[in-house]
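All chains, full assembly: derive it from the sequences and hints.
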Amino acid sequence: MRLQIERINIGGLCAGSRTGMSDHVLYVDFGELERIILTDDRIKAAKLDIASPGDRVRIVNVVDVIQPRCKVDPGGTDFPGSLGKLRIAGEGRTRSLEGISVVLSNRYSKRSYSSLIDMFGTGAEMSRYGIMTHLCIDPVPSDGVGERNFESAVKLAGLKMAVHLARAAGRHPVDRTEVHELNLARLPEGALSHLPRIAYYYQLYTPQHDYQGISDPILYGSEVTGLLPTLLHPNEILDGAVISGHTIRELDTYTIQNHPLVRELYRRHGTDLIFAGVVIGVASLEPVQRERMALMAANLVSNVLGAEGVVLTKTHGGMPHVDLALVAEACENAGVKTTLFIQLVHGVGSTADEASFSADSLDAIVNIGQTQEKIRLPKADRILGGNPATTICNPDFAQKAGDEEIEIEGFLLAGVFDVLGGSKIMAVDY
Amino acid sequence: MDRKRLRVVHYLNQFFGKEGGEDKAHIPFLIKAGPIGAGMVLQKILGERGDVVATLICGDNYLAQGGEKASREGIELILPCKPDILIAGPAFEAGRYGVACGGICKAAHEKLGIPAVTGMYEENPGVELYRKEVYICKTERSTVKMAESLKLMANLALKLTSKEKEGKLLSGEKIGRPEEDHYFPRGLIKNEIVDKTAAERSVEMLLAKLQERPFQTEAKRPELQPFYPSPPIGRDLSDCEIALISDGGLVPKGNPDRLRSRGNLIWAKYRIETFWPREFPAAALEVSHTGYFPVHVLEDPNRLVPVDILRDLEKEGIIGRLHPFFYSTSGCTTSQARCQEMGEEIAKELWEKKVDGVILTST
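In order, the protein sequences belong to chains A and B.
Here the working numbering is used: the first residue of the first sequence is 1, the next is one more, and so on.
Here the working numbering is used: the first residue of the second sequence is 431, the next is one more, and so on.
If you're looking for bench data, these hints aren't it; they were derived computationally from the structure.
Be aware that a few hints might be false.
[As the list claims (entries may be wrong)] To be clear about the criterion: a stretch of chain B counts as covered by chain A if any three or more of its residues have a C-beta under 8 Å from a C-beta of chain A, and this derived list gives those stretches:
(1) 603-616
(2) 646-653
(3) 683-696
(4) 758-767
[As the list claims (entries may be wrong)] Simulated crosslink set (DSBU-like; lysine-lysine; CA at most 35 Å straight-line):
(5) 400(A) to 778(B)
(6) 536(B) to 745(B)
(7) 699(B) to 374(A)
(8) 424(A) to 626(B)
(9) 379(A) to 562(B)
Yeah, the Cβ is synthetic: ideal placement off N, Cα and C, and Gly gets one too.
Structure below.
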């Protein structure tokens with residue numbers, strides 16, 4: 001499979017009388033964008049804004065961040081199964097706009113958590129989204145549309161906008177081309193056969209937070225609760241087969257589109273290792289299913305992909321640590337060496353208190369940080385995606401988006417922590 | 431950048447403060463302008479960076495016996511000096527002095543909101559008492575290395591008071607790791623900005639593990655205590671009183687005891703007859719727990735806490751009696767240590783009430 005990502009640097013995003021690109025500046029016609037969003041009759045209205053680095057702007061109720069991307073080949077589909085018709089993602093040419101994103105807010109969500117992006121001060125310094133320009137979308141549901149149905153409409157609107165912006169870049173020259181090519185069926189490749197074969201186990205999802213008991217569709221438009229271990233080509237992940245759910249928690253669609261661990265394994269493929277492929281799986285609430293997942297996933301990693309080593313990443317939450325550790329332990333039992341990601345949640349105690357597992361073989365742990373560390377943010381002049389009275393989650397006291405100062409837990413500031421390994425943060429005993 | 435000179439108050443006991451030996455161990459607080467004794471060395475180390483504006487002196491026994499109240503007297507004396515930081519000791523291996531240094535540092539931090547640093551030998555009882563609340567530099571046993579110890583303490587003091595955001599911590603604090611800045615670990619977990627992404631680190635670590643090269647894991651191994659199930663009750667259940675406990679966060683509507691939905695540290699008990707009437711509207715209950723979406727529990731809380739079954743068993747005479755209270759806590763990212771304490775607290779109460787057996791249900 002060969003995927004060519006053609007990256008175009010965007011220097012600015014401006015409102016204009018038509019949507020198009022000239023000299024690295026992307027002009028968008030808000031009227032046109034709005035008309036596209038309103039073709040979905042679940043949405044009554046949509047407020048569109050541009051937020052640029054340095055603006056004293058706070059975007060609240062953020063439920064996803066998406067990189068503008070579109071297929072360039074004739075017949076290619078964008079976000080197949082989620083937006084476009086079903087095709088296998090990961091083949092051909094994809095245009096990608098760098099330095100901008102589509103930020104989705106849902107101020108009508110009653111979920112416990114949504115994220116926040118600041119375009120200024122501490123919040124912008126800490127987040128990779130603080131240095132990008134964003135097209136912010138803040139839709140209003142049509143009368144009688146249920147919460148979950150509206151969430152799907154919001155996501156779809158975001159995906160449509162991401163594709164529309166990328167298409168608007170037209171024939172603009174490409175700044176950087178990235179080729180991801182891996183022929184899994186023919187590995188290892190001759191002279192490289194001495195390199196260790198490394199697989200990736202990607203824990204996609206946990207059903208424990210299913211809002212209203214309903215799962216988010218994140219894989220080719222399908223929900224994944226109950227999914228058994230499945231093989232994916234890494235290019236599928238980079239090219240829109242997987243999107244994030246309707247909540248961020250250290251993972252958004254932008255991050256999946258640029259999956260840091262998949263790209264790292266690609267980067268080292270052929271020099272330090274052979275990238276042997278990806279197994280996806282999910283966490284489970286049920287012990288027998290957990291064991292089934294662990295044994296079947298380990299068997300795919302070991303006996304189907306023939307891997308000698310595997311890196312395992314986890315989805316947000318405490319319980320998925322157990323699922324991940326069981327998969328890792330089953331891999332070690334099958335003779336496959338592991339490193340696994342964990343996420344810490346306490347500021348007091350020791351890093352030893354945080355691992356929910358203790359198998360001797362699981363001795364190579366990578367931590368993505370203590371994601372509940374509090375961050376103080378200064379007053380914003382303008383609030384997008386909500387208003388100054390919008391409640392900002394804090395377990396200890398009530399606070400509002402327009403307050404003089406707010407304090408939030410790190411995992412609610414989008415673009416700081418990253419369950420897929422993109423952040424240079426590590427929690428340490430002090 | 432032109433740095434403001436740090437205003438330092440130095441704390442010494444009667445001996446180091448040159449008031450006398452054991453015969454003066456009872457003297458109350460007194461304050462003197464400028465540095466005294468070891469404070470001269472401290473001033474030399476600080477140089478242009480700071481001034482020891484005053485020295486606070488107190489007898490070891492006065493402070494050791496006076497506890498927090500005595501510490502507050504000391505704090506009131508230094509208040510007019512407007513210190514940026516308090517440096518205490520070092521106390522080396524002197525036990526009473528170490529406890530006094532820890533106490534006065536803690537008080538300075540709590541009452542004045544300023545950082546405080548002291549120094550002790552690892553066996554000083556002040557270390558275990560105060561290391562979680564106070565920065566305590568590691569010193570030798572004896573006073574021979576006074577200057578070296580003060581250098582470590584001054585270095586730490588300067589970092590704690592620095593306003594520059596150039597440290598490696600996400601929070602912007604400049605403090606280094608315990609081993610880098612030579613202080614006793616405080617039992618905190620902080621986020622560092624490191625050179626490589628987690629993705630890069632994980633692949634490097636895996637290659638090292640495969641090639642049997644040394645590697646450094648990023649989380650200490652948990653020290654889990656083995657858990658053995660209790661033996662069966664061993665007598666006729668029809669004589670026994672059975673209690674129900676759950677960590678699923680089930681509480682009356684409004685959450686009157688304020689169980690936190692995440693990182694909760696408390697438990698509560700509710701009388702089953704009122705909390706759980708036979709015909710109840712689910713709207714009378716709520717779940718304070720963010721680790722799961724509680725739709726199924728709110729539809730029927732008996733799915734979480736089997737009150738209905740236990741009532742049936744009671745009626746059928748299979749169990750003697752259902753304990754009248756339901757014990758509730760929320761077990762979502764709660765630290766293991768606190769979970770153990772809560773378990774012991776609930777067990778003690780059930781033991782006193784002569785409950786024979788418990789059914790624990792989780793999510």
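Checked hints:
| no. | hint | result |
| --- | --- | --- |
| 1 | 603-616 | holds (count 5) |
| 2 | 646-653 | holds (count 7) |
| 3 | 683-696 | holds (count 4) |
| 4 | 758-767 | holds (count 5) |
| 5 | 400(A) to 778(B) | 42 Å, violated |
| 6 | 536(B) to 745(B) | 57 Å, violated |
| 7 | 699(B) to 374(A) | 31 Å, holds |
| 8 | 424(A) to 626(B) | 5 Å, holds |
| 9 | 379(A) to 562(B) | 33 Å, holds |
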